[in-house]
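Take the sequence shown: its position 36, counted from the start at 1, is 36 in the numbering used here, and no numbers get skipped.
No lab work stands behind these hints: they were computed from the structure.
There's no promise every hint is true.
Heads up, simulated DSS-like pairs for lysine-lysine below, C-alpha to C-alpha not over 25 Å straight-line [unchecked claim]:
hint: 1; residue 1: Lys30; residue 2: Lys9
hint: 2; residue 1: Lys40; residue 2: Lys29
hint: 3; residue 1: Lys29; residue 2: Lys3
hint: 4; residue 1: Lys9; residue 2: Lys21
Simulated DEER-style distance windows between Cβ atoms [to be verified]:
hint: 5; residue 1: Ile28; residue 2: Asp8; range: 18 to 28 Å
hint: 6; residue 1: Arg46; residue 2: Arg7; range: 24 to 34 Å
hint: 7; residue 1: Thr5; residue 2: Arg57; range: 41 to 51 Å
hint: 8; residue 1: Arg58; residue 2: Ile34; range: 18 to 28 Å
Values in this document were obtained by computation on a predicted structure and should not be read as measured data.
Glycine included, each C-beta is placed from N, C-alpha and C at the ideal position.
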Amino acid sequence: MVKLTLRDKETAQEAVRRFRKLVERSGIKKEMRIREFYEKPSATKRRAKIRAQRRARRDRLAPR
1 MVKLTLRDKE
11 TAQEAVRRFR
21 KLVERSGIKK
31 EMRIREFYEK
41 PSATKRRAKI
51 RAQRRARRDR
61 LAPR
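Produce the complete structure using the sequences and hints provided.
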């Protein structure tokens, strides 16, 4: 949960901007996008497997 307390002499625009940054950093927006529609467990596993394969390929091809 993101909590925001107004600072002294802080305008509403500044507070909203700070709130947006807090939400972005906490990962709430990303999670909302993921949970917007139901995804079957098999689709979730398939997506995770593809990500792992891409990560492994990138690690193999990365110059050291």
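Cross-check of the supplied hints:
| no. | hint | result |
| --- | --- | --- |
| 1 | Lys30 <-> Lys9 | violated, 31 Å |
| 2 | Lys40 <-> Lys29 | holds, 21 Å |
| 3 | Lys29 <-> Lys3 | holds, 15 Å |
| 4 | Lys9 <-> Lys21 | holds, 19 Å |
| 5 | Ile28 <-> Asp8: 18 to 28 Å | holds, 27 Å |
| 6 | Arg46 <-> Arg7: 24 to 34 Å | violated, 46 Å |
| 7 | Thr5 <-> Arg57: 41 to 51 Å | holds, 45 Å |
| 8 | Arg58 <-> Ile34: 18 to 28 Å | holds, 22 Å |
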